[in-house]
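The lines below spell out each chain.
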Amino acid sequence: MDFVCDDAFLERYSRHILLPEVGVAGQLRIRRAKVLVVGAGGLGSPAALYLAAAGVGVLGVADADVVDLSNLQRQILHATPDIGAPKVASAARRIRALNPDVEVVTHAQYLTAANIADVVSRYDFVVEGVDNFPSKYLVNDACVLAGVPFSMGGILQFVGQTMTVLPGETACYRCVMGEPPTGKIPTCASAGVFGAIAGMLGSIQAAEALKHITGAGRPLLDALLCFDAAAMDFMKSPVRRDPACRVCGAHGDIRTLSDVAGPVCAGARRACAPDAPKTP
Amino acid sequence: MAVHQIDITRDCCPLTYVKVKARLYALETGDVLEVLLKGGEPLENVPATAVRDGHAVLGVESRGGGIHLVRIRK
Chain E
1 MDFVCDDAFL ERYSRHILLP EVGVAGQLRI RRAKVLVVGA GGLGSPAALY
51 LAAAGVGVLG VADADVVDLS NLQRQILHAT PDIGAPKVAS AARRIRALNP
101 DVEVVTHAQY LTAANIADVV SRYDFVVEGV DNFPSKYLVN DACVLAGVPF
151 SMGGILQFVG QTMTVLPGET ACYRCVMGEP PTGKIPTCAS AGVFGAIAGM
201 LGSIQAAEAL KHITGAGRPL LDALLCFDAA AMDFMKSPVR RDPACRVCGA
251 HGDIRTLSDV AGPVCAGARR ACAPDAPKTP
Chain B
281 MAVHQIDITR DCCPLTYVKV KARLYALETG DVLEVLLKGG EPLENVPATA
331 VRDGHAVLGV ESRGGGIHLV RIRK
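Quick note, the sequences are listed as chains E and B, same order. For the first sequence, the positions run 1 to 280 when this note's numbering is used. For the second sequence, the positions run 281 to 354 when this note's numbering is used.
What the hints contain is simulated information worked out from the structure, not anything from laboratory work. Each hint should be verified, as a subset may be incorrect.
Claimed, not checked - List of simulated lysine to any residue pairs, SDA-like, C-alpha gap at most 25 Å:
#	chain 1	residue 1	chain 2	residue 2
1	B	K318	E	R12
2	B	K318	E	F9
3	E	K211	B	L295
4	B	K354	E	K34
5	B	K318	E	G23
6	B	K318	E	L19
7	E	K211	B	K318
8	B	K318	E	A216
9	B	K354	E	D6
10	B	K318	E	D7
11	E	K211	B	G334
12	B	K354	E	L72
13	B	K354	E	S14
14	E	K211	B	R332
15	B	K354	E	D7
16	B	K318	E	D6
17	E	K34	B	A306
18	E	K34	E	G178
19	B	K354	E	R93
20	E	K211	B	D333
21	E	K211	B	A306
22	B	K318	B	R343
23	B	K354	E	L19
24	B	K354	E	D233
25	E	K211	B	Y305
26	B	K318	E	R122
27	B	K318	E	A8
28	B	K354	E	E11
29	E	K211	E	D233
30	B	K354	E	F9
31	B	K354	E	R122
32	B	K318	E	E11
Throw the hints in and build the complete structure from the sequences for me.
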């Protein structure tokens, strides 16, 4: 029987087990789950920490960067002594300290059209927390083509946005946003970001992953959640699949991955502007 | 139908009910779990939470010394 009545297991996860929506069965599903966090930055930090705390069986962390002093205002996986170290190394150390039950798999290479399909197909769910549009579209397209459910997230200044995608069943990022933006786009590095909103959004993404794994609640499907932490306004907008979507549409032309050339950015404000999402 | 037993007299909330819930999870529907527990918080919360989770409390009896036996059917 796939059940270990171990007191430490019951105590560590007692607050989950007590929830009727999770229970013992849900906690065992979490233990069997494999989740990949792409980007060990502002969003990936809280997401990975909550997934680790929840006892996800295998937690992949993909990031090719090293820790920079300017990261520490919001990237809570990393600490001051980690400056200069690979982000996946400090992430793995922090996650193992938090919960030794979790098997951490580090992917220290840049995810590209050549290697991302192999990586995402090893996981049950992907949390996207990257800081540029080409990578966002690459993660979206790779997960859609591999059929791996995922959560997209973006933050800029005081604004955050997120959606969850069941490939082939619900609207993907490309259905909602259309083609990657071109031209000069504000980034966290140029426009700034209010550090605590990384925690707000990354935590939502972790909750979405855990809801998908356990079956608890209703995931953020066919919906785009945006918030403006300056006024603390939250808005959930319905979105629909685009029949002409280039990756998940019936006649889509993207059937293999290719790197999308474009500016490196992390825009959430543009996408959250009322007229920006390509909503039906 | 099988009868199983668990002693949670040394445990504190919330591990009391978590242990009961985990045992119930592993049982067959219709099986009975006899839970030995202390009065006070465990006696108040364990049967009530079992009912909330859809199980049936068949009875509660005192075993003396502040210890009680609660019979729960899955």
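Problem set entry | Hint numbers not upheld by this structure, sorted from lowest to highest | Violated hints: 4, 7, 8, 12, 18, 19, 24, 26 and 31; rest satisfied.
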